[in-house]
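Sequences and hints are given; from them, build the entire structure.
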Amino acid sequence: MQVKKIFLPESELPRQWYNIAADMPTPLEPPLHPGTGEPIGPDALAPIFPMPLIEQEVSQERFIDIPEPVLEKYLIWRPTPMYRAFNLEKHLDTPAKIYFKNEGVSPPGSHKPNTALAQAYYNKISGTKRITTETGAGQWGSALSMCCSLFGLECKVYMVKISYQQKPYRRLMMETWGATCIPSPSSETNAGRKILEKNPDSPGSLGIAISEAVEAAVTDENTKYSLGSVLNHVMLHQTIVGQEAQKQMALFGDYPDVVIGCAGGGSNFAGMTFPFIRDKINGKQVEILAVEPASCPTMTRGPFAYDFGDTVQMTPLLPMYTLGHSFVPEPIHAGGLRYHGMAPLVSQLILDGLITPLAVHQLETFEAGITFARTEGFISAPETDHAVAALIREAKKAKEEGKEKVILLNWSGHGLVDMAAYEAYLSGKLKNHELPQEEIDRALSDIAPLPKPKQYKK
Amino acid sequence: MKNIVPPNERYEIRCPKLGHQISFSYCRVENQGLPCPKTIDCWHIHFRVRAYLKEELTLEEFNKAFVFRPKPKMMTLIDLIEQAKTEKEDNST
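Going line by line, the protein sequences match chains F and S. Under the numbering used here, the first residue of the first sequence carries the number 1, and numbering increases by one thereafter. Under the numbering used here, the first residue of the second sequence carries the number 459, and numbering increases by one thereafter.
If you're looking for bench data, these hints aren't it; they were derived computationally from the structure. Remember, it's a predicted structure, so these values are computed and weren't measured experimentally. You can trust all of the hints, since none of them are fake.
Derived pair list, reagent style DMTMM-like, types lysine to aspartate or glutamate, alpha-carbon separation capped at 20 Å:
{"no.": "1", "chain 1": "F", "residue 1": "K198", "chain 2": "S", "residue 2": "E545"}
{"no.": "2", "chain 1": "S", "residue 1": "K543", "chain 2": "F", "residue 2": "E188"}
{"no.": "3", "chain 1": "S", "residue 1": "K522", "chain 2": "S", "residue 2": "D537"}
{"no.": "4", "chain 1": "S", "residue 1": "K546", "chain 2": "F", "residue 2": "D220"}
Have a look at this one:
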């Protein structure tokens, strides 16, 4: 019988996070303040994040030790298993060897607690009593709630009111882990009260919930805020995934030709791929695929430039792959992958040619998710299905080329609370869309006069 | 030709921001009374949402809802910190 999966022993849990900032061929350009044009320093984030996390945000150290208390609690679900997808290989009749790393085994069901745990710990040792955050359906909120409970911190989650009323299960998960869930808008903050004065029946929005969570942190010295995506320290914490994967691949006796992850805010993608990108920088032949929806091609078709976040050009400038601030993406139905700009670290690595962005249509993603579920058993989160679709493309390509390619996938989370999205696909409600080039050209003309990063590429 | 009238309340689709199913009436007012910037993206496959909103909204409202793009997360955070600090200072004086 062939080996189907590899569980690393707990003694093999990585002891450090990997910081790719130390190895970037082109150092990351800092965000600029739109008024002064000067870089925004870490002090701008001090009101909401504890200093150890701000230090990690700007750190250039290649490896950062994982504190012992974090390691101890990672052991609740880590190391996560790596599987060989024999059934999928057989179904596709491909010579490719397919591996996937299962991050869906964490208690909340995704990779998100990898950073939630670290953030809870650094807040704890910095004297924080309470952490706030915002959530919609509750995936990030539930991860943070669990991790706060593990370190004895209070957790207050501003949950969009319509979600609070309609999605009781993740709210109950959060409350089971001891968090306080507040339907937003609430009367607890200025931001919430202003909304309620105008409309007492407001169903809320993610924007209002973020405003409340940040305000609660800024106005109480014992309270900080936590974010589960985009920022450098979040990516850093996720690299435990890729480091475990490297050890597991070695135990299988293989090394990937292709590593695939879905890229939204970038954290699960960065977690799996950054350690392999380090190998690539040091000469290894490995292709890194970042998968995004075909209808929102921020990575695949936009140039790299400084972009304002709004059309009045008041917000800070961030260098990122962008289609311009007046770009309106075409329709797509896909959870957490809808971003106007990719995380700056990932954008820079694309620009340096170390990551290949790939766009996949939504119908293809659900077809892939169904195929994966019917062969390997696991039902993927809708976002994860993007990576699964790219994996199947690569496996088919290997068949066409007659190559025994080794493909590694980050299976970032299960979709067991997302079955309504599958129902929409299975009932035929979803459709594909292609973004016309003329629409992209029109959007790009908006950013033509903006300042460009040094390595601006058309 | 698809219908220009929104589907009824029982017809729900998955909201990519919230991560669960919602009806059109929520999207129509999500942005402080204006439509969520993603409304056309999400609903155009279900009915003629752009035509409907162009009839429902003034040109100014339409542009405010759909031409202004959501800010990247880090910019949003910095804005919100400054806003909360200013309000805190105002309240203490």
